[in-house]
Amino acid sequence: QKEVEQNSGPLSVPEGAIASLNCTYSDRVSQSFFWYRQYSGKSPELIMSIYSNGDKEDGRFTAQLNKASQYVSLLIRDSQPSDSATYLCAVSQFNDYKLSFGAGTTVTVRA
Amino acid sequence: NAGVTQTPKFQVLKTGQSMTLQCAQDMNHNSMYWYRQDPGMGLRLIYYSASEGTTDKGEVPNGYNVSRLNKREFSLRLESAAPSQTSVYFCASKPFPAGAQETQYFGPGTRLLVL
Numbered sequence: 020q021k022e023v024e025q026n027s028g029p030l031s032v033p034e035g036a037i038a039s040l041n042c043t044y045s046d047r048v049s050q051s052f053f054w055y056r057q058y059s060g061k062s063p064e065l066i067m068s069i070y071s072n073g074d075k076e077d078g079r080f081t082a083q084l085n086k087a088s089q090y091v092s093l094l095i096r097d098s099q100p101s102d103s104a105t106y107l108c109a110v111s112q113f114n115d116y117k118l119s120f121g122a123g124t125t126v127t128v129r130a
Numbered sequence: 101n102a103g104v105t106q107t108p109k110f111q112v113l114k115t116g117q118s119m120t121l122q123c124a125q126d127m128n129h130n131s132m133y134w135y136r137q138d139p140g141m142g143l144r145l146i147y148y149s150a151s152e153g154t155t156d157k158g159e160v161p162n163g164y165n166v167s168r169l170n171k172r173e174f175s176l177r178l179e180s181a182a183p184s185q186t187s188v189y190f191c192a193s194k195p196f197p198a199g200a201q202e203t204q205y206f207g208p209g210t211r212l213l214v215l
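Chains as they are written, first to last, in my numbering: chain R, 20 to 130; chain X, 101 to 215.
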């Protein structure tokens, strides 16, 4: 079983709608969770990090973490064409040097 | 600050040729990483260096070697390139090894095509 799995895309949403991205992880001792955005041909850039159960909001982005169910999600509210990108979920164990990445979900926002 | 820089940006190799991908960071980070990214497979860790003087294998180390030249620089070498190594290679760095709450910062990537 892959360590980090993301819902398969591509995900197409109309402009102004909410895009919902899901990620599940297999290692129960995982402690840190990150969402990266990657535009085509570019490198990943961090958009959200979350470490505790519950919601964390940053502008139009909300990350949700449920450690008991081993999932983390990302909501993009009021989606804009500039949000069209691949979103990567990454997970790290406590005191671990390494990140485990999901395969990514490609989001297309239709104008 | 330039952040994480990688050279070259693009390279074409013939099967069996060797090359070294260079990575440097100017953020005084201790940990550095090499990933490859293939379509539909996300980022896979090749090698990492938790701190200057140490290197460790990641998920897909076969066919690669690394050198942590100093705190700033971490190079990836392909001794005998194979078509299966056609990929986009990203270097990343992180302030401290064991701070799980710190993210990694990525370079712009090197696109490698092996014919």
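Possibly wrong hints are sitting among the right ones.
As the list claims (entries may be wrong) - In silico EDC-like cross-links for lysine to aspartate or glutamate, where the CA-CA straight-line distance does not exceed 16 angstroms:
id	chain 1	residue 1	chain 2	residue 2
1	R	86	R	22
2	R	61	X	138
3	R	61	R	102
4	X	157	R	115
5	R	86	R	34
Hints are computed from structural coordinates only; laboratory data are not their basis. Keep in mind it's a predicted model, so treat the numbers as computed, not measured.
Here is what the structure says about each hint:
For the given pair, residue 86(R) sits about 14 angstroms from residue 22(R) by alpha-carbon distance, which is consistent with the 16 angstroms threshold. Taking the CA atoms of residue 61(R) and residue 138(X), the gap is about 13 angstroms. The hint holds against a cut of 16 angstroms. Between residue 61(R) and residue 102(R), the direct Cα distance comes to roughly 14 angstroms. Compliance with the 16 angstroms bound is thereby established for this hinted pair. For a cut-off of 16 angstroms, the pair hint linking residue 157(X) to residue 115(R) stands: about 14 angstroms separates their Cα positions.
The straight-line distance between the Cα atoms of residue 86(R) and residue 34(R) is roughly 31 angstroms, outside the 16 angstroms bound, and the hint therefore fails.
In summary, the one numbered hint that this structure violates is 5.
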